[in-house]
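*Asks:* Line by line, the protein sequences give chains H, A and G.
For what it's worth, UniProt numbering labels the leading residue of the first sequence as 1, then goes sequentially.
For what it's worth, UniProt numbering labels the leading residue of the second sequence as 1, then goes sequentially.
For what it's worth, UniProt numbering labels the leading residue of the third sequence as 1, then goes sequentially.
Treat the hints as calculated values from the structure; they're not laboratory data.
A hint or two may mislead.
If you want a taste of the chain H side facing chain G, the calculated C-beta under 7 Å gives, among others [what the hints assert, rightly or not]:
| hint | residue |
| --- | --- |
| 1 | S93 |
| 2 | F111 |
| 3 | L277 |
| 4 | A281 |
| 5 | L283 |
Heads up, simulated DSS-like pairs for lysine-lysine below, C-alpha to C-alpha not over 27 Å straight-line [said to hold, decoys possible]:
| hint | chain 1 | residue 1 | chain 2 | residue 2 |
| --- | --- | --- | --- | --- |
| 6 | A | K30 | A | K131 |
| 7 | G | K344 | A | K30 |
| 8 | A | K186 | A | K167 |
| 9 | G | K175 | A | K119 |
| 10 | G | K55 | A | K113 |
| 11 | A | K119 | A | K137 |
| 12 | A | K118 | G | K55 |
| 13 | G | K344 | A | K118 |
| 14 | A | K30 | A | K167 |
| 15 | A | K131 | G | K175 |
| 16 | A | K137 | G | K175 |
| 17 | A | K30 | A | K157 |
| 18 | G | K344 | A | K119 |
| 19 | A | K119 | H | K137 |
| 20 | A | K113 | G | K175 |
| 21 | A | K186 | A | K137 |
| 22 | A | K131 | A | K157 |
| 23 | G | K175 | H | K84 |
| 24 | H | K137 | A | K264 |
Just so it is clear, CB atoms sit at the ideal spot from N, CA and C, and this is done for glycine as well.
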Amino acid sequence: MELFIQQIVAGVATGAIYACVALAVVMIYQAIHHLNFAQGEMAMFSTYIAWQMLQWGLPYWVVFPLVILVSFVGGFAIERIVFKPIENAPVLSHIVIFIALFAIFNSFAGFIWDFTIKAVPSPFGDGPLWEGAMIGKHQAGMIGVTLIVLLLLWGFFTFTRVGLAMRAAAVNPESARLVGIRVSMMTALGWGMASAIGAVAGMLIAPVVFLEPNMMLSILLYGFAGAVLGGLTSPLGAVIGGFIVGVVENLAGTYIPVIGGELKLPIALFLIVAVLLVKPAGLLGRRVVQRV
Amino acid sequence: MFNRRSLMMAAASAFVLTAAGPAAAQDAIKIGNTMPYSGPASAYGQIGRTIEAYFNKLNAEGGVAGRQIEFITYDDAYSPPKAVEQTRRLIEQDEVDVLFQNLGTPSNTAIQKYVNAKKVPHLFLATGAAKWNMPDKFPMTTGWQPSYQTEGAIYAKWIQENVENPKIAILWQNDDFGKDYLIGMKEALGEAADSLIVAEAPYEVAQPTVDSEVLSLKASGANVFFIVATPKFAAQAIKKSHEIGWEAERFLSNVSVSVGAVLKPAGFEASKGVISAAYLKEATDPQWADDPAMAEWRAFMDEYYPDGDQASSFTVFGYGVAKTMEHVLEQAGEGADAQAILEAATSMDHVENPMLLPGITMTTGPTDFAPIEAMQLQRFNGETWELFGEIIHAESS
Amino acid sequence: MAMSDETMTGGASGSAKAAPVPKGRAAAAGGKSTLGQAVFVILLLGALALPFIFKNFTIFQMTMLMVYAIAILGLNLLTGINGQFSLGHGAFYAVGAYTAAIMMENLGIGYVWTLPVAGILCFVVGFLFGLPALRLEGIYLALATFALAVATPQFLKLTPFEHWTGGVQGIVIIKPDAPFGLDAVLNADQWLYFFTLAVGLFLYWLARNLVRSRTGRALMAIRDNPIAARSMGVNTSVYKATAFGISAMFTGIAGCLGAIVIQFVAPDSFTFALSVAILVGLVIGGVGWLPGALLGAAFIVFIPNVAEEISKGLAGAFYGFFLIAVIYLAPQGAGGLLRALVAKLGR
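Generate coordinates for the entire structure from the input sequences, incorporating the hints supplied.
*Replies:* So this is what it looks like as structure tokens:
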């Protein structure tokens, strides 16, 4: 029983990692109606920038907002420079560009900062939350930050003009343009915000998994899984989805005999596909009705 | 960085790459190699780049045995099909004299049969599998580092002799590397293996953390924790096992003994007491701070591979193995052909290497193609590794 | 697309034989088609001569190029013709490769027989995978197939099947020699080249006929307008799952050939990078344009070598730059470029 509870708590802690990334996934989906396969590498690169600034001796709470800002500008610039010229190309061509960006960021990170793992300090401190607690200070802090980002995102999409305009631009670019929304600007803004949220995720994840160029390789997949499970249109769903993936994965790995340990990842993914078959829009997502 | 020449060369030979490099002297000895320079395993590429830098140094100093070395190294992205393609390019198009330090168990398994059929020496592979030491079946192929199985057996023996009522839990990476340790340990434990090993947990490199596995292993009530993991996961496992207050005797596979790249990120306090076996000096360990050989290595790195990572064990490894090749070429003498080089490589008699721990040497013979077969146990005291006990020789049977 | 109306009539009329040649194609024939045929004949002659001109290494490389081209052709049938995504075709390639390896090494069956078995097996696997995938569209299908690609190596090394698959160590295969006394004339590399060429030509012929058949037109109708297709009486579920099966069959046969040529299979050969490479090849060659598979395969075989020639430390980055450059030049791949060119000349 103790192991069971421990595994659930550990699952929630890893789930927070996935939830964080899932939020970035929802953000980009709201902006471009697609998944960005280079998103993880962009977050990893942002985290390296943070690490570099910390090495230079800047205090954490200066670095944190600075890196968010840099990442926002970076994401915005990538959309303007790389994607603007080919905005009319088919979706698959965009996917290939994602793959290209993936290779570029991954390669440059290794080239600039080497491959040895780097310890990124936690702003919340090391050790358990309280004496004998099963959850660490950093994990608790990570969950807290994830919830704050969730709240901000939800507010952004529900109450602000820009947020509403962005959603409109992604769902129906034609109509959005007719009502005076600058669709292409919205897309770039979405890229910037997704990149900024990715940076937050990267900086929170790195203290747990250690920073290296391949840090986000699999985490992004889990982030996708969490976001899709919860519903790509719902930030709350994405966060819940992230936590579910974390817990399910741990329980499957621990309790399914013989193949559980070896197939943790496939089992978790299988469950997600199963959920999607029953509820194609995800747990909290809205179904888009297609008109002919 | 890339230079102008190589850029132009690439442009000119976009599809059909020309054979030899441009400035190769006629009598240069051609050494071929494949490494993952791209993709998820590209950290290993540092070994290839260190070797390249070392051969550049040798060439700048006048070459070996009167000849320049032409080192041709290609990217295999850690993919066996790509390794086959690049190896065939090396042998059939570049016509290399020998292959050297090809990296990875799967890649070398893929090319082994072909290379032996072509009778090209396939020397000092960068993998710790035990299967490179089969002179009668594969007379062209030799290993270099101690095999993973040997190392696993060393820990097993020590545990049986020194731990009271041992109950062993193993965390292992689910690939050839992890499996080999498991085999080595189980074989050494013999019939007792089933009762002594109380829990095993494999993990995938695609996993973000191994926290869940460590928790399950602790719950088995084991008092010995054997960590067969690559650096990132080793650091996680050390940190986590300390965090949850698991008071087990912890053993760490040799690939992850780097103080700077594993133990420091995991935390010195958390790493205290970890036991491992070593054969190479460790770049970031303070005990070698004043070692003349390591000073020489640092000077080499500064001059010939300035953007190389001096905290990484791969650059030490690459330097050590390149020095071994230098020795072999010297022994083979002037005008040596592939056969002579193979003979020199397989008749080393207690050859010393400045990167090896004091007392460890390299020996090969007609029935023994495994150069390094000795290791010494060491325990981390919170700052540095402390060697203890005798040097353990595990000569192959 | 304009085509769907007409293909629909062909499909709904119920008789494949009576179905008229679609107007679009008939119009495109004439000048373009003779040019196409000339190019085809020249290429074929070049391909036949190649093994007698170049070194074994080049022959081997070209054989691998054809293998990847077949794999890309398979994906093209799914994405280009039926409009379904797959980021996981490496999985079917792996199934084909392991079929060859297990049959040849464990069961001692001749390599030629592994091709049909791999094809049928992959069709079944693809069809079964396609059934649930029916309910997943666009991004969800992308995720499901992405997951399949990532999980493939883990299935391959699963301990319970280790006896058959060789686990993490994989299986080494012995390369076949040329049969019927041809080995006096052809070495093993040359023979495998011709063998692959023959299989490739056969599959290409099959793919072309499929596209022109009633099934092909139904598949395209589903791609262009699924709802209209359904209302016209096309059983979309069966067709879509069948498309998955056929596509997997092509890619599986490619995997089977690949294993025989490389002489080795292991989980590390079939990582996510393989699925990505097949997808990149498809897009570079041009989605929906079958001959593009060859150009796409050339890209994924040669460009990584060029990238690492420029810089070892930044090999990945240069590969990325090349990719971006190609997409900028030809946003719709080589096929798109060609279409634009033909349209320009035709005016």
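*Asks:* Are there hints from earlier that the structure breaks, and if so, what are their numbers?
*Replies:* 4, 5, 7, 13, 14, 17, 18, 19 and 23
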